[in-house]
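K.L.:
Sequence:
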Amino acid sequence: MKVKSFYFIVLIFIFSCHSPEARRPVSVSSGTSIKESAKTSKLIYEEDAADIKAYLSRLDSIKIYTSNSGFWFYYDNRDSIYAETPKPGDLTKLTYQIEDLNNEIIYDSLSLGVIQYTVDKEMLFKGLREGVKLMYPGQQVTFLFPSELAYSYTGDKNLIEPNEPLVCKVHLYSIEKDSIQ
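In the numbering used here, the protein residues as written are -11 to 169.
Not one of these hints is a red herring.
Straight-line Cα separation of at most 16 Å, EDC-like style, residue types lysine to aspartate or glutamate; simulated pairs: (1) 157 / 88; (2) 165 / 108; (3) 81 / 166.
It should be emphasised that the hints constitute simulated quantities derived from the structure, not laboratory data.
If you're wondering where the values come from, they're calculated on a predicted model, not measured in any experiment.
Let the hints inform the model, and build the full structure from the sequences given.
P.N.:
Here is the structure:
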């Protein structure tokens, strides 16, 4: 009996002393979902761009500008005596109105009121944050944002639909420079 116990203990030591094997993941991600998401986003952007260009083609004799951020804009009132645009940290006073591409008002400037917005320090949707930085006080600009620069695939969970390109009419009243700069 002692001999069997001895062999049993020796066998346990032999089999328990091997090096541990690395565990393999149960499933391996191939990145296809990321590729599909990128492909879908690109298709949505192309559709938005086509819709916005169709909207712009209906405008007569208006100079249209394209931003480096991927949106379009034109000046409703370009005259301004000011020479500086808002910089991060500056306090701005502005009003804006949001419409769809059929000129249906989603949010009007009266219901939104005068907004005091600290540039790049507060939440506005991405396109509007970028657009405000292109304006001078006293200007009125109409921005056309593809959905990815507006409320993207979620919408605003109220009146703005998911993947909806927007027309945003902005009037910048004033800029109060950041005293820390």
